[in-house]
Amino acid sequence: DTAVSQTPKYLVTQMGNDKSIKCEQNLGHDTMYWYKQDSKKFLKIMFSYNNKELIINETVPNRFSPKSPDKAHLNLHINSLELGDSAVYFCASSPGNIETQYFGPGTRLLVL
Amino acid sequence: GENVEQHPSTLSVQEGDSAVIKCTYSDSASNYFPWYKQELGKGPQLIIDIRSNVGEKKDQRIAVTLNKTAKHFSLHITETQPEDSAVYFCAASPDNYGQNFVFGPGTRLSVLP
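Chains A and B are the protein sequences, given in the same order. Heads up: the first sequence begins at 1 in this note's numbering, then just goes up one per residue. Heads up: the second sequence begins at 113 in this note's numbering, then just goes up one per residue.
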């Protein structure tokens, strides 16, 4: 199936731990994104990469570090997890500028 | 920066009725306005979009209208069905690069059978 996939789907961890979320798209898109959706369903962009280069880096704590090993992958590493990091994290991709964004199924992160 | 407002936050309609969700945006440079539907436990999916050179666009039971002067755009769903129940998000793309979507806060639509 052609799609945007994320792993893991659920992530439960203790405060202070370091965790990673992986994202892969096989749509041949140039641009990938990370979004955070909080408990009130508010969707906010965190990062955007175009052809492995960082394009958008919103006001996000530097504990969050995206890594794009190639155009099809954009991983999110989070250091020293805090309670407020609990949310659903969505990866998305798009073919290029001002184009439809295709979202993955989300990773539900719960920090205890 | 861009700010997108969306109303109402919740909307209940009877099956077969129409539903209208309205969004306003602040940045006159925004030129792309997608609408996304998010079902429970899933990621948002694009249902329709409109660009600033068009005033209205239709796709079967769904239509979007754009008023650039007033900086607002609306989603219209006709003949609603229970499977239309979901959270709907509008978004605006405020920068020339076109990748930084600013989403509205969402509208939870419930279609009652």
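Note that these hints are calculated values from the structure, not bench results. Be a bit skeptical, because a hint or two may be false.
Claimed, not checked - Under the rule of at most 27 Å between Cα atoms (straight-line distance), these lysine-lysine pairs were calculated in the BS3-like manner: (1) B/K183 <-> A/K22; (2) A/K36 <-> B/K149; (3) B/K134 <-> A/K36; (4) A/K52 <-> A/K71; (5) A/K22 <-> B/K134; (6) B/K183 <-> A/K41; (7) B/K169 <-> A/K19; (8) B/K183 <-> A/K19; (9) B/K134 <-> A/K41.
Each hint tested on the structure:
| no. | hint | verdict |
| --- | --- | --- |
| 1 | B/K183 <-> A/K22 | violated, 37 Å |
| 2 | A/K36 <-> B/K149 | holds, 16 Å |
| 3 | B/K134 <-> A/K36 | holds, 23 Å |
| 4 | A/K52 <-> A/K71 | holds, 6 Å |
| 5 | A/K22 <-> B/K134 | violated, 35 Å |
| 6 | B/K183 <-> A/K41 | holds, 24 Å |
| 7 | B/K169 <-> A/K19 | violated, 43 Å |
| 8 | B/K183 <-> A/K19 | violated, 41 Å |
| 9 | B/K134 <-> A/K41 | holds, 17 Å |
Going down the numbered hints, you'll see the structure goes against 1, 5, 7 and 8, while the others check out.
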